[in-house]
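Protein chains in written order, with numbering that gives the first Met the number 0: chain D, 0 to 340; chain Y, 0 to 171.
With a Cα cut of at most 30 Å, we get these calculated DSS-like pairs of lysine-lysine:
1) Lys28(Y) to Lys40(Y)
2) Lys40(Y) to Lys35(D)
3) Lys28(Y) to Lys35(D)
4) Lys35(D) to Lys35(Y)
Hints listed in this document are in silico derivations from the structure and should not be mistaken for laboratory results.
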Amino acid sequence: MDLTTGFFWLDTLIKVAVVLGLVMGLALPVIYAEIKLMAHMQNRVGPYYAGGRFGWAQPIADGLKFVQKEDLVPRDADSAVFRTAPYVVIMAAVAMFVVIPFGPGVVARDLDLGAFYLLAISSIGTLGVLMAGWSSANKYSLVGGLRAAAQLIAYELPLLLAVLAVVIQAGTMSLNGIVEAQGVPLFHVGSIEVSLPYILTGQIVSFVIFLIAMVAELSRIPFDMPIAESELTMGYLTEYSSVRFSMFFLGEYASLIAFSLIVATLFLGGYYVPFVSEAWLNAVGPLVVFAKGALIVFFALWIRSTFPRLREDQLQTMAWRWLIPIALINVMVISFVKVVI
Amino acid sequence: MTGNGSPDNGQNGNGDHKKIRFPFPGLFKGLAFTGKYLFKKPATVFYPDEQEIPVPRARGVIALDTEACTVCMLCARECPDWCIYIEGHKEEQEPEEPGGRVKVRAELDRFDIDYGLCMYCGICVDVCPFDALFWSPEYEYSEHAVVDLLHDKARLTDWLETVQPPPPLESS
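Full structure from sequences and hints, please.
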């Protein structure tokens with residue numbers, strides 16, 4: 000990125016604006032897709048009248064409704080922490096977009112430790128959740144926050160090990176590097192060079208583990224014990240209202256989108272399209288990444304409207320007794336194969 | 000924790016944590032099910048635009064046949080919500096031939112059902128010994144004021160036209 004030399008601040012400002020606009024602009028369609036897809040999967044129609052046709056304005060109307068509500072802070076709450084928590088969550092979600100590559104040059108910052116940075120920054124969101132749970136001075140919030148902490152510690156490990164397997168195969172932690180490594184031709188059919196995404200070249204186990212751990216990290220429905228409205232009212236969100244609640248809401252969807260794009264990058268080949276020059280990749284790449292990410296988002300929504308919530312102990316059992324051992328064996332096998340080949 | 004030599008690994012009190020399996024076929028069956036419904040037409044009826052036709056025996060509203068009613072008050076007494084109000088008086092009929100006995104006939108003055116209170120249990124319909132009360136499938140009688148939900152004798156009689164014929168008896 001040569002732009003940085005002359006116009007550092009302008010460049011930075013544009014990048015911040017683009018990433019923020021991207022997050023907000025993508026969250027609304029994803030929310031709409033969620034309510035509409037879930038409705039149809041449950042034999043309903045969902046929003047229908049808002050906006051004139053197909054209820055397309057429903058997410059906007061919901062957002063306006065949240066803004067109108069009173070912003071309450073409970074009397075016993077730790078006010079400063081209570082007020083900051085939503086912004087920590089949404090900041091962590093937005094910060095994940097920094098390293099996601101949309102093309103060889105279309106990336107906010109191609110860090111050498113991109114994968115490491117992603118895992119680190121996604122854990123900061125957990126901190127926000129814990130802050131919200133602790134500062135609310137509410138038993139439901141506290142239990143929800145602690146459940147979130149326990150869950151995110153448990154599922155951070157398989158997530159990390161799945162990414163580690165990919166990093167070992169690619170030989171780099173830079174996300175651009177990982178995408179380029181998936182573009183390296185594996186074999187030739189006649190004179191055509193064939194390159195395959197990692198999901199087809201030995202990373203299928205990591206892919207499944209990453210998907211499961213991702214849904215758990217996002218605390219979405221089969222793993223939404225921290226929110227569990229039938230047990231904990233709304234978990235760590237119980238005391239939140241108005242803009243702060245919608246910040247949590249947006250943060251959740253922003254991290255869903257971010258994680259989906261990461262899956263697309265790590266396992267599905269990212270922006271790479273065969274037989275396309277680098278200049279064109281910068282134009283086509285974002286569309287390709289978004290299409291692949293949309294598939295993963297669709298899968299997450301599909302899971303959400305299908306599966307019931309796990310019990311707290313089942314959740315922990317699944318992480319510690321199944322996912323982590325499988326992920327460890329997977330890492331061992333992949334590093335063995337990497338050394339041998 | 001009895002003599003089988005396998006110590007419970009720290010989790011006291013719940014012994015069922017060993018039985019958890021990955022229910023793979025079930026997961027995919029569930030996904031196929033919701034996936035199938037995604038492409039089906041939803042069951043929703045867009046009410047004000049299109050009308051749902053209720054089944055003939057639907058419990059929409061209770062109709063009254065004033066001719067059959069004998070003001071016995073059984074329905075009002077059995078009603079769990081006490082939402083039926085009945086008033087009546089006795090009327091003496093002239094004997095058919097001179098010197099005959101004077102017949103006494105009950106006349107219905109008031110028969111109101113308060114649908115603001117009614118819970119549609121249908122006990123009044125079941126308990127009526129002279130078949131004066133009927134279920135009708137009509138359901139469009141919502142009001143802006145609760146007071147207007149009190150249907151008087153005339154209104155209850157009007158519902159009688161909407162009562163569907165009873166289903167045919169089962170053979171044997």
